[in-house]
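Taken in order, these protein sequences are the chains called B and U. Converting from the first sequence to the working numbering requires adding 21 to each position, the first position being numbered 1. Converting from the second sequence to the working numbering requires adding 21 to each position, the first position being numbered 1.
No lab work stands behind these hints: they were computed from the structure. Hints may be right or wrong, so weigh each one.
A pair holds if it fits inside one copy or across any two, identical chains being indistinguishable in the list.
Within a straight-line C-alpha distance of at most 30 Å, the following computed DSS-like cross-link-like pairs (lysine-lysine) qualify [as the list claims (entries may be wrong)]:
hint	residue 1	residue 2
1	Lys154	Lys96
2	Lys23	Lys308
3	Lys308	Lys96
4	Lys96	Lys23
The structure displayed is predicted, hence computed values, not measured ones.
Residues per chain are reported as follows:
2 protein chains.
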Amino acid sequence: MKAIEPRELLELGACIILGNTYHLYLRPGTGLIERAGGLHRFAHWDSPILTDSGGYQVFSLSDLRGIHNDGVEFKSHLDGSLHNFTPEIVIDIQRALGSDIMMVLDECAPYPCAADYAQASNEMTLRWAERSKERFEATCPAYGVEQALFGIVQGSIFPALRERSARRLVEIGFDGYAIGGLSVGEPTEQMYAMVDVCAAILPQERPRYLMGVGTPENILESIERGVDMFDCVLPTRNARNAVVFTAHGRLNLRNAAHADDFSPVDPDCPCYGCRNFTRAYLRHLFKAGEILALQLATMHNLTFYLWLVRAARQAILEDRFAAWKSELLKQIRS
Amino acid sequence: MKAIEPRELLELGACIILGNTYHLYLRPGTGLIERAGGLHRFAHWDSPILTDSGGYQVFSLSDLRGIHNDGVEFKSHLDGSLHNFTPEIVIDIQRALGSDIMMVLDECAPYPCAADYAQASNEMTLRWAERSKERFEATCPAYGVEQALFGIVQGSIFPALRERSARRLVEIGFDGYAIGGLSVGEPTEQMYAMVDVCAAILPQERPRYLMGVGTPENILESIERGVDMFDCVLPTRNARNAVVFTAHGRLNLRNAAHADDFSPVDPDCPCYGCRNFTRAYLRHLFKAGEILALQLATMHNLTFYLWLVRAARQAILEDRFAAWKSELLKQIRS
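Okay, chain B solo, but in the shape it has when bound (with noise of 0.2 Å):
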């Protein structure tokens, strides 16, 4: 987690982080995270992990040679080698890496998508999903301790590939379910639409996870409709950008408005910045380019998020859900 200690996440009631299997696996190799004991030990983080399968990175970030049926050929970012991601090669990674989730190889269809071009990713995926299940079953935890694997739902914005691919995930079977390819360019209508096709099919006892997503109003929307686990980078890739979450809407902490504001961030956040510090010396810090300033605006963003994720679980157990999301919402956006 970038600009924050571990203990301070936990201070914060984080418990569970996501580690990038493409990232690691590049840097500083699966090899020595293995002989570090894994991927817990190396970083010294004993609540749960959840690794992607590194399939996004690939398509995003690396220089990507070629999609074929047994998987991906890729070039590192970092030195351009050439490198192969299979649906085996990437559970026997995440195995290594002994993550507590584990995330099935996929391809990540771009935005706007032809409709056979999706479907026929839809159905690789699939087929990749189907494998990585075997090979799973194939497998045992390197360090020990019990591994999950979830499905990722594909298929574009397209419903009746979303359906598809839903019903043939559960048909497999996993310990959890993610809908991924979504928050990549498409309108937000879409995005909530395939959300709603795909959780009407996807187990209610099991995990659904929107990957990728998103903006507190994006998090409450996909909340409403059965979602139960995010991640994103927004919270910090934000905060080191200056932009800070309120219940009140975002702040942009380099703008003159906030030069002698000397109230906090939000004074209704509990978080250690905004208990002891003002926006004009947050901004005083940020435009001094003070590192201090990316720890603190990173802490208050996970802090507003967590909040929010464990106030709708809250409003959800009391049955007042959509009163209090229609209210906050307002409040966000006012």
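Knowing the structure of chain B, use the given hints to seat chain U on it.
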């Protein structure tokens, strides 16, 4: 302080920080800090703050336009704007900042430096010291909290000039005395010789402060010569460059030697990093450009430096400083 939270500094036992008058004057500006209620409130730091005079940065960082008897004219390194620092202005700025220890404006003569230049510069610095004292006595703290004023001994590497400077400053009378203009390129032995000359004259019952020094070895040698206070970027700047200090010497955490080293930076160190993370992991964080690397290394180096001076104090109190020092230096050099 770069890459460390104020609450962490307090946990490490740091009881004073230094603020750069030149930087704060230019950005965010003295006016903003006054409106915030002074530097303590602006930066939310309740323990003591020492501010330098800004002179050192004017000479080393700005586009210096001229030294005249009244002060220095310079262009900001940020936006090229023209500014003037006089002994009086610099006292006024530090009053507005509300630091606990203020420093007089001086010229830190370059090294090497001709004897006649050094002498003229020294006389000017002494006149500035006199004017600083006068301004100090004619003004009050802006926030009702007492502020101390330290004089600064200059004189390059010329013992007679150092003596003249120290004697004259004691005549003027300050709350504490700094030894400036050292660690600017001269041989270390000459630095120690100048410290000896100054320490023989500066009153024992007042703090003696060696500015901009230094390595663990420099600090121990200077403590032995009677110095009480130091300031230096070495522990924090080195940390950000992956160089960490231990009682067994320095390590560069980027070195391949640490790639597979699953021991802590220093097994005897009580810092958060050493208790939880390995050299292999820190090396990975540095190689991957992670901010957490800067945070952990900064915390470690400050822990080491604070341990060093506390251990030195304890050894002095127990009348075993010389033996302790020579043992430790042997270990550090080995």
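Is it within a copy, between copies, both, or neither that the alpha carbon of Lys154 lies no farther than 30 Å from that of Lys96?
For Lys154 and Lys96, only the intra-copy Cα distance (26 Å) is at most 30 Å; the inter-copy one is 67 Å.
Intra- versus inter-subunit Cα pairing at 30 Å for Lys308 with Lys96
between (37 Å within a copy, 19 Å between copies)
Reference check for the pair Lys96 and Lys23, CA-CA at most 30 Å: within, between, both, or neither?
Within one copy only: 25 Å inside, 36 Å across.
Check Lys23 against Lys308 for me: Cα-Cα at most 30 Å, and say if that holds within a copy, between copies, both or neither.
both (20 Å within a copy, 14 Å between copies)
Hint compliance for this structure: no hint is broken.
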